[in-house]
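Since the structure of chain H is provided, determine the placement of chain U on it from the hints.
Respectively, the protein sequence lines represent chains H and U.
Anchor point for the first sequence: position 580 equals 903 in this note's numbering, and the numbering is continuous, going up by one each time.
Anchor point for the second sequence: position 178 equals 249 in this note's numbering, and the numbering is continuous, going up by one each time.
By construction, these hints were calculated from the structure, which means they are not laboratory data.
Nothing here was measured: the structure is a model prediction, and the numbers come from that model.
The C-beta atom is built at its ideal place from N, Cα and C for all residues, glycine as well.
The hints are all genuine.
Derived list of chain H stretches under chain U, where covered just means 3 residues or more per stretch with a C-beta under 8 Å from a C-beta of chain U:
{"hint": "1", "region": "372 to 383"}
{"hint": "2", "region": "416 to 429"}
{"hint": "3", "region": "565 to 571"}
{"hint": "4", "region": "1041 to 1052"}
Just the calculated beta-carbon pair ranges, DEER-fashion:
{"hint": "5", "chain 1": "U", "residue 1": "TRP320", "chain 2": "H", "residue 2": "LEU1059", "range": "21 to 27 Å"}
{"hint": "6", "chain 1": "U", "residue 1": "ALA111", "chain 2": "H", "residue 2": "SER733", "range": "44 to 50 Å"}
{"hint": "7", "chain 1": "U", "residue 1": "ARG185", "chain 2": "H", "residue 2": "VAL378", "range": "17 to 23 Å"}
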Amino acid sequence: MGSDKKKFTELLSVNRRNFIKFAIGGAVGTGLSPLPWKLIDDTAIFTQNLPWVPVPETGKFTKVRSHCTLCPGACGIEVRKVGDRAVKIEGRTDHPVNPGGLCPLGMGGLQLLYNENIRCKSPLKRVGSRSTGEFEPLSWDEALRALTHQILELRSNGKAGSIVAIDGYNSGSTVSLMIKRFMKAIGSNNYIRLPSMEGETAAVSKLMYGSDTPVAYDLENSDFILSFGCGLLEGWGAPGRLLNTWGLWRSAENRENATIYQVEPRASNTASKADKWIPARPGTETALALGIANVIIRENLYNKTYVENCTAGFFEHEAEGIKQRGFRDIIVENYNPDRVSEITGIGPDMIISTARAFAGAKTPIAICGKGKGTLNGDINEFMAVHALNALTGNINRPGGVLIGARPPLSELPAPEVDEIASESLKKPGLTLGNAVLKEYSSQTSAIAESILKGDGQEVDTLLVFSSNPAFTIPDGGDFYQSLAKIPFIVSFSPYLDETAMMADLILPDHTYLEKIDDMECPSLQYSFYGMTQPAVAPLYDTRNTGDVIIRLAEMIGGTTANSFPFKTLEEAIKSRVQGLFDCKEGSGKYNPSDTPSKFISAGTGVTPDFKDFKGMWKQLKNGGFWYNPLSHIKNNADIFNAPESKFEFMSSRLKSLIEASTAKPASDTLEEPLYMPHFRGSEKSDEGYPLMMIPYEMINLSSGWLPNPPYLNKSLFDSQLKGDDSFVEINPETALAYKLKEGDKIQVTSAKGSASVRVHLFDGAMPGVVFMPMGFGHMAYDDFSFGKGCNPNRLMGANIDPLSGQPAWWYTPVKISKAI
Amino acid sequence: MEKREGHDNKYGMVIDLDKCTGCGTCMVACAAENNVTVRADESDKERSIAWMQLYKIDNGRPFPDTEVCYFPRPCMHCDEDGRGGHHSPCVSVCVATATELDPHTGIVSQIYARCIGCRYCQAACPYHARYFNWWDGYSSFKPFSKGMERSLSPEVSPRMRGVIEKCTFCHHRLMRAKTKAYAENRRDLREYEYITACTEACPARAITFGDLNNPDHMVSRLIKNKNTFRLLEKLNTQPKVYYISSKEWVRKLADNYLPDQIKPVSGNDI
Chain H
324 MGSDKKKFTE
334 LLSVNRRNFI
344 KFAIGGAVGT
354 GLSPLPWKLI
364 DDTAIFTQNL
374 PWVPVPETGK
384 FTKVRSHCTL
394 CPGACGIEVR
404 KVGDRAVKIE
414 GRTDHPVNPG
424 GLCPLGMGGL
434 QLLYNENIRC
444 KSPLKRVGSR
454 STGEFEPLSW
464 DEALRALTHQ
474 ILELRSNGKA
484 GSIVAIDGYN
494 SGSTVSLMIK
504 RFMKAIGSNN
514 YIRLPSMEGE
524 TAAVSKLMYG
534 SDTPVAYDLE
544 NSDFILSFGC
554 GLLEGWGAPG
564 RLLNTWGLWR
574 SAENRENATI
584 YQVEPRASNT
594 ASKADKWIPA
604 RPGTETALAL
614 GIANVIIREN
624 LYNKTYVENC
634 TAGFFEHEAE
644 GIKQRGFRDI
654 IVENYNPDRV
664 SEITGIGPDM
674 IISTARAFAG
684 AKTPIAICGK
694 GKGTLNGDIN
704 EFMAVHALNA
714 LTGNINRPGG
724 VLIGARPPLS
734 ELPAPEVDEI
744 ASESLKKPGL
754 TLGNAVLKEY
764 SSQTSAIAES
774 ILKGDGQEVD
784 TLLVFSSNPA
794 FTIPDGGDFY
804 QSLAKIPFIV
814 SFSPYLDETA
824 MMADLILPDH
834 TYLEKIDDME
844 CPSLQYSFYG
854 MTQPAVAPLY
864 DTRNTGDVII
874 RLAEMIGGTT
884 ANSFPFKTLE
894 EAIKSRVQGL
904 FDCKEGSGKY
914 NPSDTPSKFI
924 SAGTGVTPDF
934 KDFKGMWKQL
944 KNGGFWYNPL
954 SHIKNNADIF
964 NAPESKFEFM
974 SSRLKSLIEA
984 STAKPASDTL
994 EEPLYMPHFR
1004 GSEKSDEGYP
1014 LMMIPYEMIN
1024 LSSGWLPNPP
1034 YLNKSLFDSQ
1044 LKGDDSFVEI
1054 NPETALAYKL
1064 KEGDKIQVTS
1074 AKGSASVRVH
1084 LFDGAMPGVV
1094 FMPMGFGHMA
1104 YDDFSFGKGC
1114 NPNRLMGANI
1124 DPLSGQPAWW
1134 YTPVKISKAI
Chain U
72 MEKREGHDNK
82 YGMVIDLDKC
92 TGCGTCMVAC
102 AAENNVTVRA
112 DESDKERSIA
122 WMQLYKIDNG
132 RPFPDTEVCY
142 FPRPCMHCDE
152 DGRGGHHSPC
162 VSVCVATATE
172 LDPHTGIVSQ
182 IYARCIGCRY
192 CQAACPYHAR
202 YFNWWDGYSS
212 FKPFSKGMER
222 SLSPEVSPRM
232 RGVIEKCTFC
242 HHRLMRAKTK
252 AYAENRRDLR
262 EYEYITACTE
272 ACPARAITFG
282 DLNNPDHMVS
292 RLIKNKNTFR
302 LLEKLNTQPK
312 VYYISSKEWV
322 RKLADNYLPD
332 QIKPVSGNDI
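Just chain H, with the same shape it has in the complex:
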């Protein structure tokens, strides 16, 4: 009995064992009962009744016409509004650039306006260390005073030249001109534009055609397009225009379809949809172009009348008393199809048939500018491509290459320069030490060069406008590193991008849907001018950068203030527009049956339809446009009627630039003059880096300074981005050699850096090449972009283009290894 009683008390006592028994028993018991399930169900039902899902407010339905300024393409947009809210962006059907359509980025633009996690909502001052994103809001007055103080102090110390501006506004826009003027007025030569295809296009225009305005292509009227890596379907030029034109080329009703040959190492959208894909080895495009030229010359397929009358340097000639071999002989000697085939990997038959098809077409155009054209191009390649255009003589006529004419806007009065400024302006601006083409190519990389290789005294204050160079410059992260060493950085970005995160002061701009702005579109084959209007009232405490600059100038005072004789950006734009009215040409209306290309091929101009300036200004201010379809043709008449203006196969301008340059590009093996298009091969030995990394761009992935709007992320495949990993495309053959399978994690290493990515096996990738998408790898913005994938710019920049001194981003030797 006694022991039983003891057992019983043990059972009742709360000891460790009994407690656990009770707890487990209780848990099992509750689990078997319906109670928890019922509670979970009830909670779910309860929360479903909570008003979490918003009911969109309704209101008056309106439409606001404007322009998309997210790229230099100048597409017309129509913002659909409900009450005060913008609910959708649509393409404008009454617009000459993009009759109805838009690219995905333009379509997703509202998420760049409304996503509050990426926006900069008021002026900010850095309080934490750089790139940590610790900022403190301050008022506009305080922020402007801080910047004014900084500029005045540098000026009084004679260091105005160390103020550097990087301008990402569309070229020719009024804000862009104002930034340039502001820099001059305060006394700095360091107004720098971002590198883009526009720079090299303008350079070729000057070097070979002798024109100050960039060339443009009348693609719509052309019947044969030989594209050297241009991402016609990836966002090249004005994407709205190109995609629309592509649809026309491919429509069954269209009897005069254009034939498109695409030179590219990867089966991109353009390459696949083209009539012929020519996968030349990356970096050998120049050789291919010259190989085609070789066939055209040897088979006498070139346009003799044109070459004899309108070009120089083709035949043997005398230069400064010395007999000089002509383009013809050098090309015939050095670029026979067999040799070019060896270089490019393209069979001699293909080279010959391409040359015959090209020269045999009625209006063939050869075009250049890789990918979207948002990065610098290879001048030598551009020159080779334009030599092809000169051989066919398809220049200065419908369906050919046209020399651009800028819209005849009024000049703003010249900026005033005081003593301090004029003293400071004597000092040259930052230039790349090894650049021959200083005037024509972007000098953004010179900033990093000065800071990382020099003493960095040349850069004290950096002003960054409408761009994100910390992310977009293809220099292996040099620019990003140099930012840390710049004493004072001011960002004018509406977004908290990588560059803004490094800034000491942010003076946020409106987004493109909240402000008045204007643009030209130099890639069009006619002159165009468009204006944006605010589609919605500014959401946050931001200000139009144009107005901010005027205010800054006012605060600095003196001649700087005098250089801005207008109170607002709008006033400045209005004074420029006067010139458009005064020229009595051009139209602000578009009729879908009369496209600009029809005007060009018919040679008839539009009827000027602006009655008075007041009406014109009203129309433009409401997101209107002005265009003159025949401007380029007319401009050509002016340029080509001059007796000395000839297309130069051997550029005399480049010759004198090379002679004047202290940095001589390495001599070449072929004994070809450096001032004519030539192929030099890769200079560096690529030992240790057996593969090539080629970045590629996609139209549905923003690769510039803007983050990808989340809607666009939907259209990315999970073989491009999966979780936080981006993929490189590799040919199965190459993958086999490295024992890699789909989805494997690898490390891609170049001389500049290393990146971790996954492998996607793709037959359309050239063997031996690693194709990495551009636009991933943001280290700023929000959940939708931050830390997703890898930015190929961080691997590039080991190779330098010998003429422009800029990174040769189109070719990077790399090695890969399997990540463990």
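Frame of chain H; chain U shown alone:
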């Protein structure tokens, strides 16, 4: 039940894959038009919602003969098989009458308030055109709000968690067009008066939308093209979305053909 003697209108779509550049504008336009939700990780394709989905295919040939092509895939708006048998796969399995084939327009609807979230229709759809909401997509409350709900359109109701959603051929646009027509005392819509957001947005004009019952409409003419086909035609789901491709390898991938089942189209084959 209403007696069905063919539709008054039969709205349909023709997508020309020769023109399609694979840019994805249709997807973005669709998402923006229809208040489709976004997630931080859109690469999780089992959770990502896209009424209009772009598929990439290639001809499977080694370098340098590789070629890619894109298939934009909205809801196919399957129809009756015309033999008195089944109708749209999803409609025939829906236990809640939450999805219906409208006899007057041919549009397969989705009624969120009725949907009980059983996902039978999702399993039944051979085109993977139906998506389930595992979470509330948009929220008006912090910290879930990202400010993007400010661009939601009042014409389309945002979906709550627990329901299926899919392409509706922008049904609200049909309503909008009809309202306008009725106000102008018309009962019939003109061609292109009602088009979907993807049709409108396509920069290459690859998508054509119209009434398949109306012989004057462009879509009726286009489906007579010898290169026209539909996806998984053998299932006899009678999709109202047609594709055109001049390339045989593209047409071949539209269904699981046995070697002798596909007949080559004479003419401009590749």
